[in-house]
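Line by line, the protein sequences give chains A and B. Everything in the first sequence is counted per our numbering, starting at 1 for the first residue and increasing by one. Everything in the second sequence is counted per our numbering, starting at 1001 for the first residue and increasing by one.
Everything labelled a hint here was simulated from the structure, so no lab data went into it. One thing to keep in mind: the hints can contain errors.
What the hints assert, rightly or not - With the C-beta cut set under 10 Å, the calculated list includes, among others, these residues of chain A facing chain B:
{"#": "1", "residue": "Met1"}
{"#": "2", "residue": "Arg2"}
{"#": "3", "residue": "Glu6"}
{"#": "4", "residue": "Ile7"}
{"#": "5", "residue": "Lys16"}
{"#": "6", "residue": "Ala17"}
{"#": "7", "residue": "Tyr20"}
{"#": "8", "residue": "Ser21"}
{"#": "9", "residue": "Lys30"}
{"#": "10", "residue": "Leu37"}
{"#": "11", "residue": "Glu59"}
{"#": "12", "residue": "Leu63"}
{"#": "13", "residue": "Ile79"}
{"#": "14", "residue": "Asp86"}
{"#": "15", "residue": "Ile118"}
The beta carbon of each residue, even a glycine, is placed where N, CA and C say it ideally should be.
Each chain, letter by letter, is given below.
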Amino acid sequence: MRSLSEIETTSKRASKAAGYSWGISEEVGKGVRLLELFGLAGVKNLNEYFKSKSKKQFENLNLINEDNQSNKNPYCPIIFGISFLDQVKTLEKFYKIKLNNIAYPLLVLPFLSRSSEIIGKKIYYKFDENEFLLNFNVKIFSKIFSGKYPISANNVEIIFLENKDNFSEEDWKSLYKLSEETFVEESDSLKKGAAGAGLTDND
Amino acid sequence: MEVKLRDPNVIMKLSRLGSFHQSKLSFLRSFLEEFKDWEYKRDLFDLDENGFGNAIYSFKKKERVYSLICFANKISDDERSDRVIATKWDAAFTLYDGVPSSADIERLKNEVPKQEVGRLSYKELTLSRANKSLRVFNHVVESLSNGKQPDLNLLNKVGYLYRTTAVYGSGKFGLADRFRIKNREEINGPFRLEMMLVYLVRQFTFDQVNHIAKLKNPKLAIKLDPKICKSLGIGNSTGLGMAPFIVNHPTLLNNWILCREKVLKKIREIKKVENDKIDLFKKSLRNSIKNITSWNTENKYQLKKINSLLSNVKKTINFLENKFNFSTEYPFNEIYLWLEQETCDECIEYIVSIMMEPFDEIVKPLVSEMSSEEEKYFSIPTHRTIKDLINIIEKRYPDILKINFNKKENIKNFWFISKNKEEPRYSDRFEEQGSALEQPLAIARDIKKLYEELIVSKNSLTIDKFLFKYSNLRHVVRRAFIIEKFPYAEIQDNTIAEDVVPIDMLRLKLSFFGALKFDPRSDKWLRICMFQGAPLPEELNNYDQQWVYNS
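Using the sequences and the accompanying hints, generate a full structural model.
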């Protein structure tokens, strides 16, 4: 078994050899490490992408908009991922980002995961039928762990999820009521001795 | 009185970093302190009459066990090499997480002796190999088997029976990644398990010579005197492989240096120092002279430094004994200011290390601050502006910005990874091939390049937009934002200049390991000794804290 450290170093060096700058290669190394940590096929997808990169043209999307359409060549997942990470504080004002044509969409995942941590919001990522919930770079939730991910995706959505409760007010009240059963009623004498008691607050 | 932390632009110069010495903060000393109350055992010792076979040593506390597995092998003299290109060694070692099963030992028997071309698993934490110092090893075996203790003169000249040629950890060759162990209570300082491995290897070397001598001459043989054992350490040959580490781990480097600087600051701020602490400082300083006079090297560069150190330390002792009044307020601040005026860099840093000896209460809490959660600082704050970045660079890299990188002598060398051993190397850009594959270790040059692009960009432009065009500078943009928060994260020198001394980078790291007696064999590799004078495992629960100076 390869260690995550080996995976990161090798991915970084391979990215440099594939033509990316050292700074971007460092980001790719961290990204593939993260994918493999979560049991996702980072090494396989990166390897396949680099192989196809030597034969095909890919589009570099540097400035991301709400709706991004590449009619000719698929977008490079690495440059898209880096741009997303760099611009996330601007992009979060959009509710949803759409893309139509991106290669190896799994490789975008770690950049979105880190972006989620930076802005403090969960991010929902969907390409074709694959759905992921990225949770502040702490966890990645997905229904699919088949190990097979598409070499390109046409319908990609990235949604910034607002920080809001995941439950109803009714559920909360019910649970809170139960938690109150751990509290003790204070006597009058205890109330008189509590912090701030007996003093004027206008002193 | 508040003393300021020393200026990173002075302390982080390579010549200064290359003058650092071991101290109470050093990792081998903090390892001993952490593991002093662990149960030490030799679990297996299955060697033949020539000392070949397997052995296992362990440290145990409650449910946690760390086991060193040793494989001693026969190699011919012409196969013995300290160079990283070697493929066979006298002994190979791994530190196993827990108690190894016989299946584990069988598996590791096939992998550990192969070192870089073997495969380890997440159950193994560190990996190493070592070669005998043949002249010492054979002499010791011969003497013991004849019922005599070995010649101390020879032993003192070398200082060890074996020297390691690499110690690996943190996920190399399949070893456990650091994240698996970093939250363990006992791993609260860097390189702790690497230190454990070296320490247990030292004990193996003593047991091995005793064993061979005994089987060679069962009637006459005696054991190596424990006092002599204590005076021996483990040697280490270190090449350039270590140098990029301190460039590639900026926040970690910062934390090592910052802790040292914080300790010094706190000591200088003590208004009145108790007599027992003054006595301990003076005693350690006096005793340390032996460490300097027994420091053997043939390297002219190092000899010059040792001679200067010796005369400056003697001058300091004379000053402290005859001219300095310790009842003066803030005595260590006064001593430090005197050192700055009157002595050399090597001596200043030597005495700064010794100043720490009496102050456990200052040093110990800082040991746990010497690690770093590097991932936390990896992301670039791309919403910041060009102006912000210019300000950071001007503040943090003042001398780097003065270097003219159009001059050949300032870009003379380049760092690369060798194809045959995947090890870092350093070479002349104008004479050797391969500079197109240069590693991103020329930080000074790249920072200057970044600065030149920034000052012709719009001040209000945000970094994300700047990076559209200058993706090639992304690695140094990241560093500049790191150094904003971590002032001691960067070497304030040009690591590709013609006059750079790469072993200064090794010396810095090795001093934090706790190495003694740096013996440069060229400007690119050196030998050192670790644990020389350290307590033996049976003595750990009650040992002399100043063993470095008193042994």
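Each hint tested on the structure:
Against a cut-off of 10 Å between C-beta atoms, the interface hint on Met1 of chain A holds, since the closest Cβ of chain B lies about 6 Å away. Here the hint on Arg2 of chain A is kept, as its CB sits about 6 Å from the closest CB of chain B, short of 10 Å. Residue-level restraint check for Glu6 of chain A holds (minimum Cβ-Cβ distance to chain B is 6 Å; threshold 10 Å). Taking 10 Å as the C-beta cut-off, the interface hint given for Ile7 of chain A holds, the closest approach to chain B being about 9 Å.
A distance limit of 10 Å between C-beta atoms decides the matter here; for Lys16 of chain A the minimum to chain B is near 9 Å, and the interface restraint holds. Of the supplied interface hints, the one on Ala17 of chain A holds, with its beta-carbon coming within about 9 Å of a beta-carbon of chain B, less than 10 Å. For Tyr20 of chain A, the interface hint holds, since its Cβ comes within 10 Å of a Cβ in chain B; the closest pair sits about 8 Å apart. Taking 10 Å as the C-beta contact cut-off toward chain B, the hint placing Ser21 of chain A at the interface holds, the least distance being around 5 Å.
With a least beta-carbon distance of about 6 Å to chain B, the hint placing Lys30 of chain A at the interface is held under the 10 Å criterion. About 9 Å separates the beta-carbon of Leu37 of chain A from the nearest beta-carbon of chain B, less than 10 Å, and the hint is met. The closest approach between the C-beta of Glu59 of chain A and any C-beta of chain B is roughly 14 Å, which is over the 10 Å cut-off, so the hint fails. Among the interface hints, the one on Leu63 of chain A holds; its C-beta lies about 7 Å from the nearest C-beta in chain B, closer than the 10 Å criterion.
The closest approach between the C-beta of Ile79 of chain A and any C-beta of chain B is roughly 9 Å, which is under the 10 Å cut-off, so the hint is satisfied. Checking Asp86 of chain A against chain B: minimum C-beta separation of about 4 Å stays under 10 Å; hint holds. Interface hint at Ile118 of chain A: satisfied, since its Cβ lies 6 Å from the closest Cβ of chain B, which is below the 10 Å cut-off.
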